[in-house]
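Undergrad: Chain by chain, the residues run as shown.
Protein chains: 2
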Amino acid sequence: MLPLEGLKVVELGHYIAGPFATRLLADMGAEVIKVEPPEGDPIRGWGSTHNGHPVWFSIHGRNKMSVTLDLKSPEGRARVIALCARADALVENFRPGYLERIGLGPLVLQAANPRLVIARVSGYGQDGPYRDKPAFGAIGEAMGGLRHLTANPGQAEFPPPRCGVSISDDLAGMYAAMAVVSACWGRDRKGEAGRGRIVDLDLVSSVFSLMEGMLPEYGLTGAIRQPAGAAIPTAAPTNTYPCGDGKWLCVAGNSDLIFGRLMRAIGRPELAADPRMVNNTSRCLHVGELDGAIADWTRTLSAKDAQAVLEAAEVPCSRLFDMRDCVEDPHFQAREMVIPVQDPLLGPVLHPAPPFRFDGVTPPEMVRWTAPAIGAHNEHVFGTLLGDAA
Amino acid sequence: MLPLEGLKVVELGHYIAGPFATRLLADMGAEVIKVEPPEGDPIRGWGSTHNGHPVWFSIHGRNKMSVTLDLKSPEGRARVIALCARADALVENFRPGYLERIGLGPLVLQAANPRLVIARVSGYGQDGPYRDKPAFGAIGEAMGGLRHLTANPGQAEFPPPRCGVSISDDLAGMYAAMAVVSACWGRDRKGEAGRGRIVDLDLVSSVFSLMEGMLPEYGLTGAIRQPAGAAIPTAAPTNTYPCGDGKWLCVAGNSDLIFGRLMRAIGRPELAADPRMVNNTSRCLHVGELDGAIADWTRTLSAKDAQAVLEAAEVPCSRLFDMRDCVEDPHFQAREMVIPVQDPLLGPVLHPAPPFRFDGVTPPEMVRWTAPAIGAHNEHVFGTLLGDAA
Chain C
1 MLPLEGLKVV ELGHYIAGPF ATRLLADMGA EVIKVEPPEG DPIRGWGSTH
51 NGHPVWFSIH GRNKMSVTLD LKSPEGRARV IALCARADAL VENFRPGYLE
101 RIGLGPLVLQ AANPRLVIAR VSGYGQDGPY RDKPAFGAIG EAMGGLRHLT
151 ANPGQAEFPP PRCGVSISDD LAGMYAAMAV VSACWGRDRK GEAGRGRIVD
201 LDLVSSVFSL MEGMLPEYGL TGAIRQPAGA AIPTAAPTNT YPCGDGKWLC
251 VAGNSDLIFG RLMRAIGRPE LAADPRMVNN TSRCLHVGEL DGAIADWTRT
301 LSAKDAQAVL EAAEVPCSRL FDMRDCVEDP HFQAREMVIP VQDPLLGPVL
351 HPAPPFRFDG VTPPEMVRWT APAIGAHNEH VFGTLLGDAA
Chain B
1 MLPLEGLKVV ELGHYIAGPF ATRLLADMGA EVIKVEPPEG DPIRGWGSTH
51 NGHPVWFSIH GRNKMSVTLD LKSPEGRARV IALCARADAL VENFRPGYLE
101 RIGLGPLVLQ AANPRLVIAR VSGYGQDGPY RDKPAFGAIG EAMGGLRHLT
151 ANPGQAEFPP PRCGVSISDD LAGMYAAMAV VSACWGRDRK GEAGRGRIVD
201 LDLVSSVFSL MEGMLPEYGL TGAIRQPAGA AIPTAAPTNT YPCGDGKWLC
251 VAGNSDLIFG RLMRAIGRPE LAADPRMVNN TSRCLHVGEL DGAIADWTRT
301 LSAKDAQAVL EAAEVPCSRL FDMRDCVEDP HFQAREMVIP VQDPLLGPVL
351 HPAPPFRFDG VTPPEMVRWT APAIGAHNEH VFGTLLGDAA
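Residue numbers (the UniProt record's numbering), protein chains in the order written: chain C, 1 to 390; chain B, 1 to 390.
Just chain C, with the same shape it has in the complex:
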């Protein structure tokens, strides 16, 4: 049995953050009813398609039910209210103020169900001077402090890259899922009056929450953390090194014992014994020399061969895995991290396992179904669950 079985969630979501929150809840067993406009969530148009159906959405909408409603029609509004009346929580990521304008604000919804938890995900939050700005993930990453850091110092020809995925949306969705369950636990605990909380989540705060000690450091000394490329300024040697086949090898060799093994593995035992390299603090002072020595060695081998040598020496390292590396890796296979699924719309596809494993449930059991077609559950939800003829 999954931990959230019995939790009823309504999604008024689109694109990434809101639907990602509810997908995590659905993976853990919640009943999620995704409310879409008749033409579907626009995220269904993103990325590649197969058999005319979007590929990413197979995952993004899995374990959910899909119903279609026109939120601006009286019938659509009435059905949203009816869905919320029987639900534990609503997750929405419209622009702040939109639900209120169409008559579906928290006052209306909690009048129908005072126990309804409402999680509101937006770019900048429900108040403040930027609340009406359109939300874009890239802006959340830039304002939250992450894009400043994702860069190689002294490298002016290319821009600081994205980390490669819509990380600010993902983070806000994860915080929303966490906050929804927490609000439900608090509402349902013994002796509680049982009012549903309203939770405000935003992309900028979600990114800003990961800035480690940078804020108090700035406050105390005025020091502003600068990007450090693939290195960690306070640990040495740890970096990503070029290999002979044009690929890269990430190596974490900064503990004292591992450092000694690493230097011997690359044929530089004299550096392992060098008093200048005796501990992490002093190695940080000579990090350029150490990084050079390691790169001189990695350049003589392919990334796979260099990794094999270092692994035999018990030095933590990894090539930068792409999707083929993940699929072919024995650990991914043994852990059932890549799950073959039969998608009625796409045919056979691969799904990633949920990132949490609960005892007694295998990852394939958690992928109960792939994303439904637009409105696939109209009849079941409106007819059976709500009890009106759809």
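It should be emphasised that the hints constitute simulated quantities derived from the structure, not laboratory data. A portion of the hints provided could be inaccurate.
No distinction is drawn between identical chains; accordingly, a pair holds when it is met within one copy or between any pair of copies.
[As the list claims (entries may be wrong)] Subject to a maximum C-alpha distance of 30 Å in a straight line, what follows is the list of computed DSBU-like cross-link-like pairs (lysine-lysine): (1) K190 - K8; (2) K247 - K72; (3) K133 - K304; (4) K133 - K72; (5) K133 - K247; (6) K133 - K190; (7) K72 - K190; (8) K304 - K8; (9) K304 - K247; (10) K190 - K304; (11) K190 - K247; (12) K72 - K304; (13) K247 - K8.
Given chain C, put chain B in place with the hints provided.
TA: Then chain B, alone, in the frame of chain C:
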């Protein structure tokens, strides 16, 4: 009242992932007892210090209690079991198998308290061929697929950078927090037998969970997603552009309406009217021309001035904020995202607001206290809560 008030959590954590999970639970009101060795969690030695005390840890350990125990002593073991006997959940991030070896495995702990939820965070998970490898955040990022993507294509001189923070640890900690509360909600729901679940979380799966549609795309067509720098391959124009003062401006101009406003703002109205640029699909075919036009304009201005012009034209954009930008920004101020706190160890410091806001509680109210000194709560926890003379 905070949502998790009344939830009792024991942390056998160190470094980042486990303690980050419990800090999120503590921010939401849970009672968190952090069990440290007598010399303290080694993360206390990371980063800068002030008055001899670690700065980052002021945040990382906030809202928690700290007790010290030697887990290998009979007394230490007995006290961990006693703490778990009264708790809802345990979060641990030792290497897989370690707790079992010292006699504190799940069988022992759940014999004392069958309702105890146990979240286990590790680099690779509790099983599989890599489970015994040491866990490093960088390796989790590399194996999970993120480091491959965080790069500028065609850029061989510098390595793909870190995204700037320990993102795999952060993600695993967030998933752990979410899973703990979900397991507690499931355990406490009406009619439930109330057994505590055991949850297995790992850095690699946490990163891999964010790979969007890349896995099914590879499975269906063999296509392997490649890094795209600061661009998004399926949207144009959206990128990060160089400004005249050496800073960068992130611009999201890929919706049709915004694209028109952007082209007029940079003095290129003919591109807004160009039939080759009529929609996103066709703009993606000419993205080099568009990125060039935008960069030609941003190079003539400082990042601040370019941002001001684009904002007046309602084009989503942002400089890449560093900590000073965050602290000085009116939105951060209005939203109380930067909270001045009196830390008994450090003096006055700045804390970031929690990323979730619950109605009726302000962000400053959620920062109830800063990180305690090592063992600061020994007397309270062992004397008062456990009721034995410490």
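Undergrad: Of the hints stated earlier, which fail here?
TA: 2, 6, 7, 8, 10, 11, 12 and 13
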